[in-house]
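K.L.:
Order-wise, the sequence lines are chains G and S. Residue numbering for the first sequence follows our numbering, starting at 1 and increasing by one per position. Residue numbering for the second sequence follows our numbering, starting at 1 and increasing by one per position.
Quick caveat, the hints were computed from the structure, so don't treat them as lab data. Errors might be hidden in some of the hints.
Below 27 Å or equal to it, Euclidean Cα-Cα: the simulated DSS-like pairs (lysine-lysine) are [to be verified]:
(1) Lys39/G to Lys178/G
(2) Lys91/S to Lys213/G
(3) Lys126/G to Lys93/G
(4) Lys248/G to Lys138/G
(5) Lys144/S to Lys178/G
(6) Lys157/G to Lys138/G
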Amino acid sequence: MFLFLFVISLGLTVNSHSYHKNKYVTSANFFSGTIYNWKSNVTDYFSLREQNDALADENMRLRTLLRSTQDTIIFETLDSTVLTTPYTYYPAKVINNSYAKTKNYLTLRKRAEDAIETDMGVISSKGIVGIINKVSRKYASVQSILNTNSKINAKLKNSFHFGSLVWDPETKNPNEAKLVDIPRQAPVVVGDTIVTDGKSTIFPRGILVGTIKEFELSNNQDYYDVTITLFNDMTSLHHVYIIENNEKEAIKQIENPGDASVLEIQQSNNQETPQANAEQ
Amino acid sequence: MQNSDLLINIGRFLVLVVVQILLFNHINFLGYVNPYPYIIFILVFPFTGNKSLLIFLGFLLGLSVDIFSDSGGVHAAACVFLAYIRPLLLKFSFGVSYEFNTIKLSKADFGARITYVSVAVVLHHLALFSLEIFNISHILLVLKSTLFSSIFTIVLLLCITLLFSRKN
Chain G
1 MFLFLFVISL GLTVNSHSYH KNKYVTSANF FSGTIYNWKS NVTDYFSLRE QNDALADENM
61 RLRTLLRSTQ DTIIFETLDS TVLTTPYTYY PAKVINNSYA KTKNYLTLRK RAEDAIETDM
121 GVISSKGIVG IINKVSRKYA SVQSILNTNS KINAKLKNSF HFGSLVWDPE TKNPNEAKLV
181 DIPRQAPVVV GDTIVTDGKS TIFPRGILVG TIKEFELSNN QDYYDVTITL FNDMTSLHHV
241 YIIENNEKEA IKQIENPGDA SVLEIQQSNN QETPQANAEQ
Chain S
1 MQNSDLLINI GRFLVLVVVQ ILLFNHINFL GYVNPYPYII FILVFPFTGN KSLLIFLGFL
61 LGLSVDIFSD SGGVHAAACV FLAYIRPLLL KFSFGVSYEF NTIKLSKADF GARITYVSVA
121 VVLHHLALFS LEIFNISHIL LVLKSTLFSS IFTIVLLLCI TLLFSRKN
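Work out the full structure, taking the sequences as your base and the hints as a guide.
P.N.:
Structure, rendered in structure tokens:
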């Protein structure tokens, strides 16, 4: 009896440590989603003022952006690659958030009619949040960037050198993350902005991540380990957006013709080797 | 188990899970220290009760907490482990004769109660954090989390047992 149940739970544990295999135990199910939804219906009132401020801020920023695109034609031509990339955004509300463990997840309440799938990116108005892990009709669980399983492709804003965004559980600091594997010749300066790279199909290029707090050469002396202060306050998230990449299928087909089962894994690894070679 | 006992245990199970997921999982004292007082269900389960039943209930309890905190089977494993070694702990802290007296946690000697609760909590948390972090290179983190969370949980559990002990 003991052994049987112990082995089952160990199995579930091991399952949760490998990057998104089919997970059985997640908070995206109807039951836990409903309970968290009740909870957030009550607790949301306490942060209404803060949420209003955040939304007003975002509106202001978007209006400024809109204004500048209307005013200058040059801006449009410069950014045409970004603008024509067909991404669809869906709204969602955070109903449960964790940031104190080594593997943190969020639970979202989404609109039932939105076709959200595993592996879509999640951002807030200030920056990157995580990747969709499991979806049910009204709820979705998100693997936060504060999760030792997460590894997200990110780059310096002012150059094309890129690395992987990971989280260091040793400090358990929800405001900091690490960017590893930045090549040595990259112009790393404290205070510079880090954005997502768009080499994976999850996030578009240019989603804000954070600013460089400090950096040092890693043990093998070839790469920088960069500590980043995140733009997002991961401890206080309310409204987020889920990003769908409409060209995902096409990109996948070109990258790995044939074997469909490898696709998911490949994608999570941010396609390291071939592009890394091409870049240098 | 009598009928009222059954109802009390079911009620306790539900209340503890709800309180754990809505309140204690979000305390984040000093950034990351959370108590896990829901294991009191396993600790105060009738001492003469069925052991296999307790192990099964421990599994359900842990799994419910796991579902809500997206942690795979971490809590389930730790709870099953705790339920399994509970007879040993009882023998260790209350002496060999515990099975013959109808001893209750709230009526037990204070020293014995502290030993029982502390050892149980430390073992449970150690299992919990080793499985959650699951990485030998972060062994210090495991020990640190275990220490802080254990202190928090033990204090809470002693308060809870004092609060809910019936004087009769």
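K.L.:
Holds or violated: Lys157/G and Lys138/G, Cα atoms, limit 27 Å.
P.N.:
Roughly 36 Å between the alpha carbons, so the hint for Lys157/G and Lys138/G is violated.
K.L.:
Against the 27 Å threshold, does the CA-CA distance of Lys144/S and Lys178/G hold or violate the hint?
P.N.:
Roughly 22 Å separates the two Cα atoms, so the pair holds.
K.L.:
Has the given pair, Lys126/G with Lys93/G, been kept, meaning a C-alpha gap of at most 27 Å?
P.N.:
Cα-Cα ~15 Å, so holds.
K.L.:
Can the restraint linking Lys91/S and Lys213/G be considered satisfied, given a maximum Cα separation of 27 Å?
P.N.:
violated, 54 Å
K.L.:
Within 27 Å, alpha carbon to alpha carbon, are Lys248/G and Lys138/G?
P.N.:
holds, 23 Å
K.L.:
Taken at face value, is the distance from the CA of Lys178/G to the CA of Lys39/G at most 27 Å?
P.N.:
violated, 33 Å
Violated hints, in rising order: 1, 2, 6; the structure is consistent with all others.
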